[in-house]
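Chemist: Keeping the supplied structure of chain A fixed, place chain B upon it in accordance with the hints.
Listed in order, the protein sequences are those of chains A and B.
Per the numbering used here, the very first residue in the first sequence carries number 1; after that it's consecutive.
Per the numbering used here, the very first residue in the second sequence carries number 1; after that it's consecutive.
If you are wondering where the hints come from, they were derived from the structure by calculation, not from laboratory data.
Hints may contain errors.
As a list, the in silico DSSO-like pairs of lysine-lysine whose alpha-carbon atoms are at most 30 Å apart [claimed, not checked]: (1) B:K56 to A:K52; (2) B:K128 to A:K41; (3) A:K69 to B:K54; (4) B:K33 to A:K52; (5) B:K103 to B:K128; (6) B:K103 to B:K6; (7) B:K103 to A:K48; (8) B:K33 to A:K48; (9) A:K52 to B:K40; (10) B:K6 to A:K48; (11) B:K117 to A:K69; (12) B:K117 to A:K41; (13) B:K103 to B:K117; (14) A:K48 to B:K117; (15) B:K54 to A:K52; (16) A:K69 to B:K50.
A short, non-exhaustive set of chain A residues, derived as facing chain B with CB atoms under 8 Å [to be verified]: (17) L51; (18) G56; (19) I74; (20) G76.
Glycine is no exception: its CB is placed at the ideal position from the N, C-alpha and C atoms.
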Amino acid sequence: MKPLFALSCLLLACGICLAQADAQRPKRERPKNRNQQEALKVAELAPKFVLKSLDGESETDLAVLRETKPVVLIFGSYT
Amino acid sequence: MYQTYKDVVEFRIVYINEAHAADGSWPMPIAVKKGINEHKSLEDRCTTAKMLLKDKQLTIPCVIDGMDNAVNEAYSAWPDRIFVVRTDGRLAVAAGQGPFGFKPGVEAAEKWLAEFKESGDEPALDPKAIEAAESRDPKARETNENRKQ
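Isolated chain A (complex conformation) (with noise of 0.2 Å):
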């Protein structure tokens, strides 16, 4: 019986650390989306926006890129 006592105590002390541990680690905000409250949907006006090319010189303003051809947008990072 003691060493099941002592095995519960051993854990309940490591995960109060973890507890600890996690709630001292910085905390960075994700960015709020507009997702849960509304969606953007099919026939909907695509947000504009005007966003730097890569290669820092120049930018790209979607309601100018889309006059001529349609855009696909693929949105991502790299994880």
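Modeler: Quick look at chain B alone, frame taken from chain A:
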């Protein structure tokens, strides 16, 4: 998809904040291996975007969301998402968010692009979808009226 349709439509990767950065809440092994942390500056974001294009040998033009994540927020794009924007500014394809919505989004985009390439005309939008969009966003109605005039 890019190689097949790049002559008839424009493509842009919009590089947004990391989904599984090494120092984030849900780190992925690749992020740890590559040392990809949450971006602290636009320079960080550009560096990681360049790494992605190089490692995956992507030639799609890439733009970088600002550190305010405004475009990501406007499109509810995180962690990944695909859209097709028509020449009138309306969304032709608005897929669900990744990871689950991304593949169906690519399939929907490919279907739309194939139809567009074959016919030369943008596939018509469902009038009910337009009506619903205009009821949600009065600006969409204004744009439509202007286009008709």
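Chemist: Now tell me if each hint is right for this structure.
Modeler: Tested hints:
1. B:K56 to A:K52: Holds, because 21 Å separates the two Cα atoms, which is no more than 30 Å.
2. B:K128 to A:K41: 12 Å, holds
3. A:K69 to B:K54: Status holds; Cα separation ~27 Å.
4. B:K33 to A:K52: With a Cα-Cα distance of about 28 Å, the restraint between B:K33 and A:K52 holds, given a limit of 30 Å.
5. B:K103 to B:K128: Given that 30 Å is the threshold and the Cα spacing comes to 25 Å, the pair holds.
6. B:K103 to B:K6: Holds, because 19 Å separates the two Cα atoms, which is no more than 30 Å.
7. B:K103 to A:K48: Cα-Cα ~25 Å, so holds.
8. B:K33 to A:K48: 36 Å, violated
9. A:K52 to B:K40: Judged against 30 Å, a Cα distance of about 17 Å means the pair holds.
10. B:K6 to A:K48: Since the Cα atoms of B:K6 and A:K48 sit roughly 22 Å apart, the hinted pair holds (cutoff 30 Å).
11. B:K117 to A:K69: At roughly 11 Å apart (the allowed maximum being 30 Å), A:K69 and B:K117 satisfy the hint.
12. B:K117 to A:K41: 23 Å, holds
13. B:K103 to B:K117: 21 Å, holds
14. A:K48 to B:K117: Measuring from Cα to Cα gives roughly 25 Å; hence the hint holds.
15. B:K54 to A:K52: 19 Å, holds
16. A:K69 to B:K50: Answer holds: A:K69 to B:K50 is near 26 Å, not above 30 Å.
17. L51: 4 Å, holds
18. G56: 7 Å, holds
19. I74: Constraint on A:I74 satisfied, holds at 5 Å.
20. G76: This hint holds: A:G76 lies near chain B, its Cβ roughly 4 Å from the closest one there, short of 8 Å.
The structure fails to meet hint 8 from the earlier list, while all remaining hints are met.
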